[in-house]
Structure formats: structure tokens, C-alpha cells
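Peer 1: Below, each chain spelled out in residue letters.
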Amino acid sequence: MYHCTRTLQLAQSEESTVDISINLTDGVPIYRQIVNQVKYLVASGLLRPGEELPPIRTLALQLKVTPNTIVKAYGELEISGVLQKRHGSGTFVSDARPQLAVRERRRVIEQRIDALLAEAHQLNYTADDILRMVRERKAAMDENVAEAAEENKEKGR
Amino acid sequence: MEQSIVDVSNLSRTFGDKAALDDVSFRATAGQVYGLVGSNGAGKTTLLKHLLGLLRAASGSVRVFGLDPVRDPVGVLGRVGYLSEERELPEWMRIDELMRYTQAYHQTWDAAYARELLETFALDPAKKVKDLSKGMRAQAGLIVAVAHRPALLILDEPSSGLDAVVRRDILDAIVRAVADDGRTVIFSSHLLDEVERMSDHVTLMHQGRVTLSGALDEVRRQYQRSRVHFAENFVQPPVLETALLIEGGGRAWSVVHSGAPEKFRQSVLARGGEVVESRDATLEEIFMARAGRSRQQMEAA
Numbered sequence: 639m640y641h642c643t644r645t646l647q648l649a650q651s652e653e654s655t656v657d658i659s660i661n662l663t664d665g666v667p668i669y670r671q672i673v674n675q676v677k678y679l680v681a682s683g684l685l686r687p688g689e690e691l692p693p694i695r696t697l698a699l700q701l702k703v704t705p706n707t708i709v710k711a712y713g714e715l716e717i718s719g720v721l722q723k724r725h726g727s728g729t730f731v732s733d734a735r736p737q738l739a740v741r742e743r744r745r746v747i748e749q750r751i752d753a754l755l756a757e758a759h760q761l762n763y764t765a766d767d768i769l770r771m772v773r774e775r776k777a778a779m780d781e782n783v784a785e786a787a788e789e790n791k792e793k794g795r
Numbered sequence: 134m135e136q137s138i139v140d141v142s143n144l145s146r147t148f149g150d151k152a153a154l155d156d157v158s159f160r161a162t163a164g165q166v167y168g169l170v171g172s173n174g175a176g177k178t179t180l181l182k183h184l185l186g187l188l189r190a191a192s193g194s195v196r197v198f199g200l201d202p203v204r205d206p207v208g209v210l211g212r213v214g215y216l217s218e219e220r221e222l223p224e225w226m227r228i229d230e231l232m233r234y235t236q237a238y239h240q241t242w243d244a245a246y247a248r249e250l251l252e253t254f255a256l257d258p259a260k261k262v263k264d265l266s267k268g269m270r271a272q273a274g275l276i277v278a279v280a281h282r283p284a285l286l287i288l289d290e291p292s293s294g295l296d297a298v299v300r301r302d303i304l305d306a307i308v309r310a311v312a313d314d315g316r317t318v319i320f321s322s323h324l325l326d327e328v329e330r331m332s333d334h335v336t337l338m339h340q341g342r343v344t345l346s347g348a349l350d351e352v353r354r355q356y357q358r359s360r361v362h363f364a365e366n367f368v369q370p371p372v373l374e375t376a377l378l379i380e381g382g383g384r385a386w387s388v389v390h391s392g393a394p395e396k397f398r399q400s401v402l403a404r405g406g407e408v409v410e411s412r413d414a415t416l417e418e419i420f421m422a423r424a425g426r427s428r429q430q431m432e433a434a
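Going down the list, the protein sequences come from chains A and B.
The numbering used here applies: residue 639 is where the first sequence begins, and numbers increase by one.
The numbering used here applies: residue 134 is where the second sequence begins, and numbers increase by one.
Just chain A, same shape as in the assembly:
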């Protein structure tokens, strides 16, 4: 009986969840993590224009965070044009704002590059070393992909 009730609850809440997870170890404020992840989902096309986001209460229950944090995150996403509140219905992804997606995709990659450069500096690699290594890794990766494709073709025969 106990377990039945739980499963039922989960099934009900699952219909409007969104793929966001909170990490408390890296010092980023929770509302900022939500903002970044929603932007990421929009930039990568996993959330499409016109799609509805979960209501504040639902997302707060899902993430186990204070509802005011969701209010703050949605508010910021609304100001930056990612989300749109429609009166009396809910919160939706804004209609196509391609330049925003471009900016956000760039931001995600730049963040990774900054971390890479900091790490490289610690290990005494220059930016030029890194550029060369990126090309080498890419070439090796492409080769692997080509080989795998070749193997698949052979198997298919």
C-alpha cells in the first residue's frame, strides 16, 4: 500500500518534469544553475520555442528547493528573453530567438575553454600547444570513427 501510493505520486508528477539537476559542491547559486541549464536546453533544442515549463510548485518539488528560487530563475530567464509568461496559463519557451541560442552555445563552449586553459597553464602548456593538441585529438577521433564505419560495413557484408 505504502509503495503503491509513492509510485502513483511519481507517475503524476512525471508528466511535466524537465531535465535539470542541482549540484551543491561547485559553489554556483541554485537559481543560477537553473538559469544556465534552461538556457542550455533551449540552445541545444531540447526545449523548443512554445514548449511549456513546469509550474513553480512542480519544479520546486522536483528539485527540492524553495519555490522562491524557481521564481527568481524564471524571472531572470524572462528578462533575458528566454522564457515568456503567458497570463493565466504558464511559462513557455519564447518563440525563436536564434541570436540568443547562438550566444548561449558560445558561452557554454567558452566556459569549457577557460577551464581547459587554466588547467593547461598549471601543467605548463601554452595556448598554441593546446591548439595543436586539439587538432591532433580531432584527427585521431575522426580516424577512429572512419575505422568503426569500415568495420561495420565489413560486418554487414
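Note that these hints are calculated values from the structure, not bench results.
Glycine included, each C-beta is placed from N, C-alpha and C at the ideal position.
Here are the simulated distance ranges between beta carbons:
# : chain 1 : residue 1 : chain 2 : residue 2 : range
1 : A       : 664       : B       : 301       : 21 to 29 Å
2 : A       : 695       : B       : 405       : 51 to 59 Å
3 : B       : 313       : A       : 780       : 50 to 58 Å
4 : A       : 728       : B       : 301       : 19 to 27 Å
Starting from the known structure of chain A, fit chain B onto it as the hints suggest.
Peer 2: Positioned in the frame of chain A, the structure of chain B alone reads:
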């Protein structure tokens, strides 16, 4: 201005010759969640008991909904829900009796909500309080605390000793109180990840004093954690300006610091080191820095 729900100013209290509360001020406004953290004996429970009128303010003042909870217990307690750390409930009552008994005290009792929670928690109404497990006792205590939809919900160490499932029930109740009704919640907890998730404001108590209080995001912004590398080996932690907590050894140290980041960086440079990485500190790191090992440094500051 936001509606003030709780106003405590300059509250002091001694038990014997021990200062339980020392010049504590605390304010809570409507619709917000307040997390109270601090080691055992820091004064959290004593502060909460003053809000409920269970203790009389020896010096300073306590106002809840603008009322003195000792002089006007009816006006205050009718609008407050309380889950005590010991979960004191009448042992001899059955759960359904406990519900009827509590309902009799509250005009605003929401029977449908109480029933829904009973079902969600799968509590047997015929069971006696004294036969409940620790988790069930907390769930029963929670229903009694929230079913009259109080304007102020006070939870003292609600998660203490509970498994993950019941802890989730408690957090859900907090979320619902705020999201559905715009209520105010004050809870104390030693689980810092829970406080970080659930609080809009955080208050850190240490030895009867409030050592830190504010909006969580603002408090967090005032503290950084940096990784620092030095050219030379340090046997003792290096002395660095604005540093509150230093851990590590040899050439690599991890530092929690507060104040101007530039001042910290210069101080590291002056000792032949380099800041490798910096980020905002987590609540856990702030807590350790302000209430943990580096106490002498803090008091010296």
C-alpha cells in the same frame, strides 16, 4: 515594505551562568523560508521556543505577527505550526484521535489536506502514537503542524534521524506551505545541503550569538573558496589576508576567504604563490569557516 512576521530584537537569555542567547536579533518576512544553522547548543532551539512563547524574553523583545507570544499565546499559536525536535505528541492517543484533538484547537483546520497527507504517508489512523516508528512519528507530527495551514511554520531539526523518504515528505511540506499559501517557514537543521536547497535566508548561530545572517545568495557571494599553489613547501598553513579556513599541505592549499578577492590574491602573490582556481564557497565551507576550526582567527578578525 514586506510584511514582518517575526521580529526579535536584542534577545538575551541565560540558563544558570551559561549564555544561551546573547543579543540575538532576527526578522522574518512573509512568504520566505528561513534556515537556521549552527552546532548543537548554539541556541537555535532556545530561539525557536521564544517565538512560540514557551520561553519568556528575559531581555530584548520578541514579536510574532506583531504580538508578544507569552502575553497573547492564543493570537500567536493559532497561526503557527510547530514540529519540535523531540516530536512531543500525546503517547496514548490513536492517530485519528490526535487529528480530532488538534482540529478542535484550530478553526482553520483543513480536513481534506490532513486526510491527503495521512494517505500519502500511509499512516494507519487506528495506530497509537506510542507504537509509531521514528519516521511515522515525524509524519504524524508534521500533519498536526501543517493541516491548519498556519501562516508561520516552525520546524526544529525536522530531518533529524529520518530516512530519505520521510525527509522528502518534510521538504515537500515546506515547498507546499510556501508555494500554495505564501506562508513563512523557519526551520533549523544540521544538514547544510538541505538548508542550501530550501532556504531563501540563512542565519548562522554560534555559542548563543548570530554570527551570520542574510539572503542566502548574498551571504554566499561574500565568501570565496580558492585553490592556491606555492613555490615552496609550507609545513604550517601559510598566513594569508582575509583567509578564514585553510586546508591542505605542502605546496597546495584550499582556502575559504571573505572580503576583497584582490587583497587575498596579493597576499598569496607576496608569499610566492598563485591562485589556481576561485569560486563562491558552499554553505558547508562557510559554516566550517565561521563556526568550525578557525574560530580563533574569526574572533581575532
